[in-house]
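Going line by line, the protein sequences match chains L and G. Just so you know, my numbering puts 91 at position 91 of the first sequence, and the rest follows in order with no gaps. Just so you know, my numbering puts 386 at position 386 of the second sequence, and the rest follows in order with no gaps.
Computed far set for chain L versus chain G, every beta-carbon distance over 10 Å:
hint: 1; residue: Tyr12
hint: 2; residue: Ser15
hint: 3; residue: Val25
hint: 4; residue: His33
hint: 5; residue: Leu40
hint: 6; residue: Glu55
hint: 7; residue: Leu57
hint: 8; residue: Gly58
hint: 9; residue: Met78
hint: 10; residue: Lys86
hint: 11; residue: Glu89
hint: 12; residue: Pro96
hint: 13; residue: Ser107
hint: 14; residue: Trp183
hint: 15; residue: Arg194
hint: 16; residue: Thr197
Pairwise CB distance ranges (calculated):
hint: 17; chain 1: L; residue 1: Pro96; chain 2: G; residue 2: Pro437; range: 54 to 60 Å
hint: 18; chain 1: G; residue 1: Thr5; chain 2: L; residue 2: Phe11; range: 42 to 48 Å
hint: 19; chain 1: G; residue 1: Leu167; chain 2: L; residue 2: Pro181; range: 42 to 48 Å
hint: 20; chain 1: G; residue 1: Pro224; chain 2: L; residue 2: Pro96; range: 22 to 28 Å
hint: 21; chain 1: L; residue 1: Ile166; chain 2: G; residue 2: Val163; range: 19 to 25 Å
hint: 22; chain 1: G; residue 1: Val472; chain 2: L; residue 2: Lys125; range: 50 to 56 Å
hint: 23; chain 1: G; residue 1: Tyr180; chain 2: L; residue 2: Asp180; range: 48 to 54 Å
hint: 24; chain 1: L; residue 1: Ala16; chain 2: G; residue 2: Leu167; range: 27 to 33 Å
hint: 25; chain 1: G; residue 1: Tyr3; chain 2: L; residue 2: Asp191; range: 58 to 64 Å
hint: 26; chain 1: G; residue 1: Tyr3; chain 2: L; residue 2: Pro96; range: 49 to 55 Å
hint: 27; chain 1: G; residue 1: Leu28; chain 2: L; residue 2: Arg192; range: 31 to 37 Å
hint: 28; chain 1: L; residue 1: Leu104; chain 2: G; residue 2: Pro469; range: 49 to 55 Å
The hints are simulated quantities; they were obtained by calculation from the structure and are not laboratory data. Note that the Cβ used here is the ideal one computed from N, Cα and C, for glycine as well.
Each chain is listed here by its residues.
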Amino acid sequence: MLPSTFQSLLFYVFSAILIFAALRVITAQNPVHAALFLVLAFCTSAGIWIQLEAEFLGIALVLVYVGAVMVLFLFVVMMLDINLLKLREGFWSHLPMGALVAFLLVSEMALILSGSYFDLLAMPKPDAAPVGYSNTKELGRLLYTDYVYPFELAAVILLVAIVAAIALTLRRRKHAKSIDPAWQAGVRKEDRVRVVTMPSEVEQPSALVTTEAEQKTAEVRP
Amino acid sequence: MEYITPLWPAYPELFLLVMAGLILILDLFISDDHRVFTYALTQFTLLGCAALTFLTSNAEPIYTFNGMFVDDLMADVLKLLTCVVVIAVLAYSRAYVSARGMFRGEFFTLTLFATLGMMVMISANHLLTLYMGLELLSLCLYAMVALQRDSLQSTEAAMKYFVLGALASGMLLYGMSMIYGATGSLEITEIAQRAADGDYLSAVMVFGLVFVVAGLGFKLGAVPFHMWVPDIYQGAPTAVTLLIGSAPKFAAFAIVMRLLAQALGDDILVDQWRQMLLIMAVLSMAIGNLTAIMQTNLKRMLAYSAISHMGFMLLGVLSGTTEGYGSSMFYVVVYVLMSLGAFGVILLLSRDGFEAENLDDYKGLNQRNPWYAFLMLLVMFSMAGVPPMVGFYAKLLVLQSVVEIGLWWLAVIAVIFSLVGAFYYLRIVKLMYFDEPQTQVVLKPTFEVRALLSVNGLAMLILGIAPQPLMVFCIEAVRASI
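Let's have the full structure, built from the sequences with the hints guiding it.
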């Protein structure tokens, strides 16, 4: 089917890039490349969303996923020394089984979903939004009115995620070499220098002598 | 403001949320020596929540939060029981947890948030809130399984639980999205309305239904989606196993009711999911009971027993009648009480650095502590379904509901497998009463635990002698709600 309008041409271009990038995410040898392809995939899917007139979601995807999540992800990938060869072991031996299951799943779903259930007749295209319609405003209104209960629940789930992450990772290690700035700033003179009073020592002539030659000279001297 | 009125049906949840947040902050200012304060505050919160649930209960269903939250009699009963069971769970696990360095603020706040998740699931009238509650509960449980960081076994269990739980959530969500595609609504009452009017895409609906049932099967731990249950029961710290194996079953039952009986409760659809539940029930009873015989680890054995009990519970659901649903609810209530008692005894026998999880640890318990051996005997008899105990009536009621829809053969299979199951429950009784003890340690639990465990064990007998009130109450609660 040839693209009929500029919009559908854009859609096909974006989709092609998206599928290519998504495939490269799992096939790229270098994890940094894989992460960068994931950034590309996010950017193109943001483009598709904007085409669907979901501008806010598109921009949020770029800001949140590309801007924050993927940058963190890249940091982690660069800092950890991941042995990819070990991860890839057994890929080819598992592939036939995995591919068969995936093929069956996809074809089963396609059989059911490719019927006329979700075509343009059953699910007609919604009317174009009126001038001055704000996607962001509408989303905000829905979130804080109709969907306020699930919205608050999502906040609780995030709180639990924080509590759980801290409970699982924070623990006092015995030999940790961490620094406490408050403790550092409160340092006193006595903590740094310890003045010890002790009687002065007189150098004993024979005390430091160790070699035989010196011992001999020491015997000769008197 | 009209979006959140009336607010009062949600007072228990709001109270729980506020108090959980408060405890989270207060706990920062408490030193390890005074951690008991956090514990007391947590118990007070749960008590308050139970009281509020009781005070805000009402016979007629009330919808609020724009139709996303429902407060009906079934929800009230299940929420009240959830709070009471969590109180007992915390009381039983207190000594165990403090001996293992887990007596920390996070343990209590995560328990409270998990309870909140269960309550949200129980009162969900919208697929979105139902899923949110499920995630809230699961997230807390994943973290709690892994709370003992240095134990390799619990870390592995947490990992398995997390991966399989995520898979199950994915299945459930996919099914929900298909149901949305078929009916055009996420609200459970609305979906039920469309289903009754025949205003939906039939093939897509059934497609979604399959995924929803698979997801529910995972969460219930019914065969063939049961693989996670034994590993998690065995690997998790026993206190957390007790939590996983008790109160969440109420929530799981509630979402089965909301999704299958309420949203997809139309006769045509009931015929569709009955087939699937039938297979799941028979396989659960068979594999659960047969595999449990071979276990030497009591926690693992109880996990397989949980699988078989879930199979029994499904018998009531698959009958598709109000009496059937009521009998399933009765079964769940009884099962949770039994599992509470059984794990309570395991926790009681465990000491600092010693896990009483092997069957050999129960040898000669009667000579060491005759009273606890007797309580365990009551619980085991009840699980096996020996007549004077309440477990017998629970089984009888679900079998009755299956016979009423004409599935005689299914009732016969269920009876055969429950006879097979009786073997491993009675083996524990034999070990406790007729074998020589391996240690002479005499247990000295606190008064709190002694009293609660005694009530718990004796409830098996008392409810068994007079099962009628609870039975009728469960059926009435379901009738008023569905």
